[in-house]
Amino acid sequence: MSREIRLQTPLTDEAVTPLRAGDRVLLNGTVYTARDAAHKRLIALMDDNQPLPFDLKGAVIYYVGPAPAPPGKPIGSAGPTTSYRMDPFAPRLIAAGLKGMIGKGNRSSEVIEAIRRYKAVYFGAIGGTGALIAKSIVSSEIIAYEDLGPEAIRRIEVRDLPLFVINDTVGGDLYQEGMKRYAQAP
Amino acid sequence: MREIPVSEVTETVARLCVEANTDLGADVEEAFRRMKETEVSPTGKEVLDLLLKNARIAREERMPICQDTGLAVVFIDVGQDVHFTGGDLEGAIHEGVRRGYEKGYLRKSTCHPFTRKNLGDNTPAIIHTHIVPGDRVRITVEPKGGGSENMSRVVMLAPAEGVEGIKAYILQRVRESGSNPCPPIVVGVGIGGTFERAALLAKKATLRPIGTENPDPELAALEAELLEKINQIGIGPGGLGGKTTALAVHIEMMPCHIASLPLAVNIQCHAGRHKEAVL
Ligand code: SF4
Numbered sequence: 001m002s003r004e005i006r007l008q009t010p011l012t013d014e015a016v017t018p019l020r021a022g023d024r025v026l027l028n029g030t031v032y033t034a035r036d037a038a039h040k041r042l043i044a045l046m047d048d049n050q051p052l053p054f055d056l057k058g059a060v061i062y063y064v065g066p067a068p069a070p071p072g073k074p075i076g077s078a079g080p081t082t083s084y085r086m087d088p089f090a091p092r093l094i095a096a097g098l099k100g101m102i103g104k105g106n107r108s109s110e111v112i113e114a115i116r117r118y119k120a121v122y123f124g125a126i127g128g129t130g131a132l133i134a135k136s137i138v139s140s141e142i143i144a145y146e147d148l149g150p151e152a153i154r155r156i157e158v159r160d161l162p163l164f165v166i167n168d169t170v171g172g173d174l175y176q177e178g179m180k181r182y183a184q185a186p
Numbered sequence: 001m002r003e004i005p006v007s008e009v010t011e012t013v014a015r016l017c018v019e020a021n022t023d024l025g026a027d028v029e030e031a032f033r034r035m036k037e038t039e040v041s042p043t044g045k046e047v048l049d050l051l052l053k054n055a056r057i058a059r060e061e062r063m064p065i066c067q068d069t070g071l072a073v074v075f076i077d078v079g080q081d082v083h084f085t086g087g088d089l090e091g092a093i094h095e096g097v098r099r100g101y102e103k104g105y106l107r108k109s110t111c112h113p114f115t116r117k118n119l120g121d122n123t124p125a126i127i128h129t130h131i132v133p134g135d136r137v138r139i140t141v142e143p144k145g146g147g148s149e150n151m152s153r154v155v156m157l158a159p160a161e162g163v164e165g166i167k168a169y170i171l172q173r174v175r176e177s178g179s180n181p182c183p184p185i186v187v188g189v190g191i192g193g194t195f196e197r198a199a200l201l202a203k204k205a206t207l208r209p210i211g212t213e214n215p216d217p218e219l220a221a222l223e224a225e226l227l228e229k230i231n232q233i234g235i236g237p238g239g240l241g242g243k244t245t246a247l248a249v250h251i252e253m254m255p256c257h258i259a260s261l262p263l264a265v266n267i268q269c270h271a272g273r274h275k276e277a278v279l
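Residue numbers (my numbering), protein chains in the order written: chain A, 1 to 186; chain B, 1 to 279.
By construction, these hints were calculated from the structure, which means they are not laboratory data.
Heads up, some of the hints might be wrong.
[As the list claims (entries may be wrong)] 35 Å max Cα-Cα, derived DSBU-like pairs, lysine-lysine:
#1 A:Lys-57 - B:Lys-36
#2 A:Lys-180 - B:Lys-229
#3 B:Lys-36 - A:Lys-73
#4 B:Lys-117 - A:Lys-135
#5 A:Lys-119 - B:Lys-53
#6 B:Lys-117 - A:Lys-57
#7 A:Lys-135 - B:Lys-167
[Said to hold, decoys possible] Here are some of the chain B residues that sit facing chain A, going by a computed Cβ distance under 10 Å:
#8 Asn-21
#9 Thr-43
#10 Val-47
#11 Thr-69
#12 Leu-106
#13 Lys-108
#14 Cys-111
#15 Phe-114
#16 Arg-116
#17 Gly-234
#18 Pro-237
#19 Ala-271
Each residue gets a CB set at the ideal place from its N, CA and C atoms; glycine is no exception.
Next up, chain A with everything else stripped away, as it sits in the complex (with noise of 0.2 Å):
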């Protein structure tokens, strides 16, 4: 059976480096929110070498695009969306001090070598499983972009929220890792 590791965010080089394709974990603390459009926004400012919405160094990013809170309730469903989409800016990303990002399918070699060099970490959460996910946000506030609605930039807080580490920092890949134990074709 697979380890299962309790994190807080933000993450650090001694953190990240001992995860491994595989294991389970729960992460703890602030997390940002991003997707598609965010992170084309985020790209433009750091060509104009202006701020970002909040601190690269250590953070986390979840590509999700969550429901409306309904009353009484800190988010709606909250589950991944597919993480490709963020492949051409997450390099950038990384080099400047992103550490984790939390999504679901497969990643670039690009972003797979930003992560072995830079030392960070590709988590899985499972897709499709909103309303279980959002049971582990605390809190949650727009921080930028609200005119993109559902992408805008948001900082939520998690407690125990699972995931599963897909790409370590010595190049393993629990997507094809996973694929290949089970394959029965050729």
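With chain A held as given, fit chain B with the ligand onto it using these hints.
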């Protein structure tokens, strides 16, 4: 002639949008349970349990099963003896989507293709109208998420590629989709017709309840063969490895032009959401 006020259509569509997004079909949950028995990966079993737990929370708390509450695909079969009163039918459907997505705290996901500006009310709905005999109206709402829709394709095969070419294309599509479309998936396949009809057949195929047999024995055999092969690829629940990559393969077929062999593969994620009502 039977008169139906379009306001009834609006109310029904609004209700179905919320129900479809919060109350997963019994056939899907049953399939999760059944596949758990045959799943060999411990992580895969665990993921199937999470899907069952998620569906339960969604139903009890009226939360969307998935935050991507989709574009609202609406199939409406209109009996030819029906006369709609009090407004236009398509406008009434869009209004139903607008209300359902607002009242149900569902995510609004329609945007301008170039600027990507969110339109804010999840309209327009994608409407497929069909005129049928009788004086009834059947409305089906199928919220369709972006992750699995993005993995779908239409291809015009050469007729000589035949059924072997069809099988190879479908298997390749599932393999390349990997973990992106939130497996375990339902593979909707449309064969024949024209370019656009093949796509519609594939989408309709995703509506068939899981566990029901294709009435055409040849297609039923093809579905079983493809399901077995797909579940040998290894992608597994959540893409973390395992046997349960697909819950079902559903095929719809119709005649095509002597020069062509249209094939559409519409991937449906495990959040196989659809609800229907008859007026
Ligand atoms: S593919 Fe389906 S389950 Fe996955 S995020 Fe999209 S709508 Fe949700």
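**OP:** Please write out, lowest number first, the hints stated earlier that are contradicted by the structure.
**Re:** Going through the list in order, the structure violates hints 1, 7, 15 and respects the others.
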